[in-house]
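Each protein sequence line maps, in turn, to chains A and B. If you count the first sequence from 1, you need to add 2 to reach the numbering used here. If you count the second sequence from 1, you need to add 41 to reach the numbering used here.
Fair warning: there could be bad hints in the mix.
[Unchecked claim] The calculated DSBU-like cross-link candidates involving lysine-lysine, where the alpha carbons are at most 30 Å apart (straight line), are:
#: 1; chain 1: B; residue 1: Lys-46; chain 2: A; residue 2: Lys-137
#: 2; chain 1: A; residue 1: Lys-137; chain 2: A; residue 2: Lys-47
#: 3; chain 1: A; residue 1: Lys-144; chain 2: B; residue 2: Lys-106
#: 4; chain 1: B; residue 1: Lys-62; chain 2: A; residue 2: Lys-137
#: 5; chain 1: A; residue 1: Lys-137; chain 2: B; residue 2: Lys-73
#: 6; chain 1: A; residue 1: Lys-144; chain 2: B; residue 2: Lys-62
#: 7; chain 1: B; residue 1: Lys-60; chain 2: B; residue 2: Lys-70
#: 8; chain 1: A; residue 1: Lys-93; chain 2: B; residue 2: Lys-135
#: 9; chain 1: B; residue 1: Lys-49; chain 2: B; residue 2: Lys-106
#: 10; chain 1: A; residue 1: Lys-144; chain 2: B; residue 2: Lys-46
#: 11; chain 1: A; residue 1: Lys-34; chain 2: B; residue 2: Lys-135
#: 12; chain 1: A; residue 1: Lys-250; chain 2: A; residue 2: Lys-260
#: 13; chain 1: B; residue 1: Lys-135; chain 2: A; residue 2: Lys-166
#: 14; chain 1: A; residue 1: Lys-275; chain 2: A; residue 2: Lys-250
#: 15; chain 1: B; residue 1: Lys-135; chain 2: A; residue 2: Lys-36
#: 16; chain 1: B; residue 1: Lys-50; chain 2: A; residue 2: Lys-144
#: 17; chain 1: A; residue 1: Lys-59; chain 2: A; residue 2: Lys-260
#: 18; chain 1: B; residue 1: Lys-60; chain 2: A; residue 2: Lys-144
#: 19; chain 1: A; residue 1: Lys-205; chain 2: A; residue 2: Lys-250
#: 20; chain 1: A; residue 1: Lys-93; chain 2: B; residue 2: Lys-49
#: 21; chain 1: B; residue 1: Lys-106; chain 2: A; residue 2: Lys-58
#: 22; chain 1: A; residue 1: Lys-144; chain 2: B; residue 2: Lys-142
#: 23; chain 1: B; residue 1: Lys-50; chain 2: A; residue 2: Lys-137
#: 24; chain 1: A; residue 1: Lys-59; chain 2: B; residue 2: Lys-135
#: 25; chain 1: B; residue 1: Lys-135; chain 2: A; residue 2: Lys-58
#: 26; chain 1: A; residue 1: Lys-144; chain 2: B; residue 2: Lys-73
#: 27; chain 1: A; residue 1: Lys-47; chain 2: A; residue 2: Lys-208
#: 28; chain 1: A; residue 1: Lys-58; chain 2: B; residue 2: Lys-50
#: 29; chain 1: A; residue 1: Lys-93; chain 2: B; residue 2: Lys-46
#: 30; chain 1: B; residue 1: Lys-50; chain 2: B; residue 2: Lys-70
#: 31; chain 1: B; residue 1: Lys-112; chain 2: A; residue 2: Lys-137
Because the hints were derived from the structure by calculation, they are not lab data.
Spelled out, the chains give:
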Amino acid sequence: MDGIVGLQQILACDAGTLLTTPTGAVAMGFGKDKIFEETDHQPQKVSGNISLVDFKKLMVSGLSHQPTMFMLKKSFDFLNGGADVQVITPKQTAASASEDVMQFVGSYLLGLDFEFVISHEARTIKWMWERILEKAAALTFKDTWDSATAVSVAGVTDTDIEGKNYSYRRSPKLIAMEAPSGASIALTDYQRLERKLTIKSSKAIKNDQQQSIVNFYTVTLEIAGTGMQVADLITLAGKAETPSVLIKEGNAGAYYDKFVFPAFKLGIGNDFKIGDDKRESRIKLEGDISIFAHSFAYGTNNGGAADDSTGITGGTMTIV
Amino acid sequence: MAEKKLTKKDLVIEDEPFKPKDGEPITLKVIKISCDNKTEKALRVLNNRNQNFFHRSSRLGTLEKTDTGFKTDVTGFEEVINGLNYELVEVSSKEVLHSGKIVLKEVKVVNNS
Numbered sequence: 003m004d005g006i007v008g009l010q011q012i013l014a015c016d017a018g019t020l021l022t023t024p025t026g027a028v029a030m031g032f033g034k035d036k037i038f039e040e041t042d043h044q045p046q047k048v049s050g051n052i053s054l055v056d057f058k059k060l061m062v063s064g065l066s067h068q069p070t071m072f073m074l075k076k077s078f079d080f081l082n083g084g085a086d087v088q089v090i091t092p093k094q095t096a097a098s099a100s101e102d103v104m105q106f107v108g109s110y111l112l113g114l115d116f117e118f119v120i121s122h123e124a125r126t127i128k129w130m131w132e133r134i135l136e137k138a139a140a141l142t143f144k145d146t147w148d149s150a151t152a153v154s155v156a157g158v159t160d161t162d163i164e165g166k167n168y169s170y171r172r173s174p175k176l177i178a179m180e181a182p183s184g185a186s187i188a189l190t191d192y193q194r195l196e197r198k199l200t201i202k203s204s205k206a207i208k209n210d211q212q213q214s215i216v217n218f219y220t221v222t223l224e225i226a227g228t229g230m231q232v233a234d235l236i237t238l239a240g241k242a243e244t245p246s247v248l249i250k251e252g253n254a255g256a257y258y259d260k261f262v263f264p265a266f267k268l269g270i271g272n273d274f275k276i277g278d279d280k281r282e283s284r285i286k287l288e289g290d291i292s293i294f295a296h297s298f299a300y301g302t303n304n305g306g307a308a309d310d311s312t313g314i315t316g317g318t319m320t321i322v
Numbered sequence: 042m043a044e045k046k047l048t049k050k051d052l053v054i055e056d057e058p059f060k061p062k063d064g065e066p067i068t069l070k071v072i073k074i075s076c077d078n079k080t081e082k083a084l085r086v087l088n089n090r091n092q093n094f095f096h097r098s099s100r101l102g103t104l105e106k107t108d109t110g111f112k113t114d115v116t117g118f119e120e121v122i123n124g125l126n127y128e129l130v131e132v133s134s135k136e137v138l139h140s141g142k143i144v145l146k147e148v149k150v151v152n153n154s
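Construct the entire structure; sequences and hints are all you get.
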């Protein structure tokens with residue numbers, strides 16, 4: 003019988019907890035591009051143009067449209083071997099529990115890189131998990147998939163196996179974008195063409211198992227606009243080289259996600275072009291920040307519900 | 042398909058003499074499992090986090106068929122898996138058929154003095 007295509011679930015939780023009491027669990031939920039891939043890793047070429055495979059590379063990735071502050075916080079926690087990962091295919095036969103279940107736990111832990119994006123088009127988080135296994139270990143791991151039992155996590159994947167949750171869905175809803183904090187970024191809303199805030203793990207070193215060791219994350223804010231007047235350009239030029247930045251994006255009701263970047267973290271640059279059919283400016287603020295230089299706050303006054311202690315309704319990320 | 046009843050029993054690590062083609066006889070440490078061996082089975086030994094860290098499978102040939110079921114060579118791992126929980130799983134249905142502990146058979150020390 004043919005194997006059935008697709009992945010239903012990519013779930014991560016704190017390392018060492020998946021098969022006991024899963025804690026800090028997050029599933030991709032509404033999302034796309036969920037992929038598992040196994041490839042030969044750097045085969046050794048020997049005489050006769052023969053490739054000898056010693057290692058298999060395992061990769062899991064996907065894009066979630068449920069990038070809550072909780073998921074962003076957990077993505078930081080999951081870096082550097084901090085997560086167990088469970089990947090589940092659709093049922094492979096009509097029988098119950100016939101899904102293939104990959105549990106990356108114990109000696110199979112994956113390394114993570116992530117990319118959190120708020121743009122004028124969508125709010126997403128992408129996970130990219132990777133490691134290599136020596137060939138025999140990869141085969142043993144593969145042998146476990148169709149006999150392993152999936153773990154269902156209460157409140158995460160027990161209602162919907164993918165982890166879909168309407169209240170975790172996020173869509174673009176700009177409330178404020180300021181640099182320096184409290185001042186306009188020199189483009190009115192009507193002039194703005196595009197905007198994109200990216201927070202991603204960066205400059206990862208790969209260990210000998212090809213797991214990412216992440217020391218930095220990169221914050222990038224890019225804004226494209228049209229119709230800037232000379233006065234706007236002068237205002238922009240007058241900004242500090244590394245202004246403070248505040249971004250506030252609305253969630254359900256009055257809840258919001260807020261990002262607070264103090265001065266001296268992000269450098270500002272801009273390009274300006276006048277052509278036959280355009281008068282376009284691009285502003286870019288960017289900086290690399292040490293991986294633990296952040297804090298998350300939740301609840302009232304931080305964007306979330308009073309009883310929200312994890313950031314599922316809203317929250318504030320502050321770079322420190 | 043009727044569900045099979047889970048059997049609780051411990052699996053004992055036993056000594057099994059082995060005479061290589063060349064060289065001195067050696068003693069292997071093996072686990073013998075009495076069960077139906079007509080379908081594919083997987084043996085998973087679980088660590089204290091319930092993780093399958095020692096996996097043996099009839100499909101991979103690491104669970105060998107015997108007259109009464111299966112056996113697997115655990116030489117070198119006997120101390121590591123001693124005392125841990127195990128599950129014997131029917132691959133096609135994921136049903137746990139047997140569970141219990143792995144027990145290393147005590148070797149009686151003969152005092153010749």
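Violations among the numbered hints: Numbers 1, 6, 17, 18, 23 and 28, in rising order.
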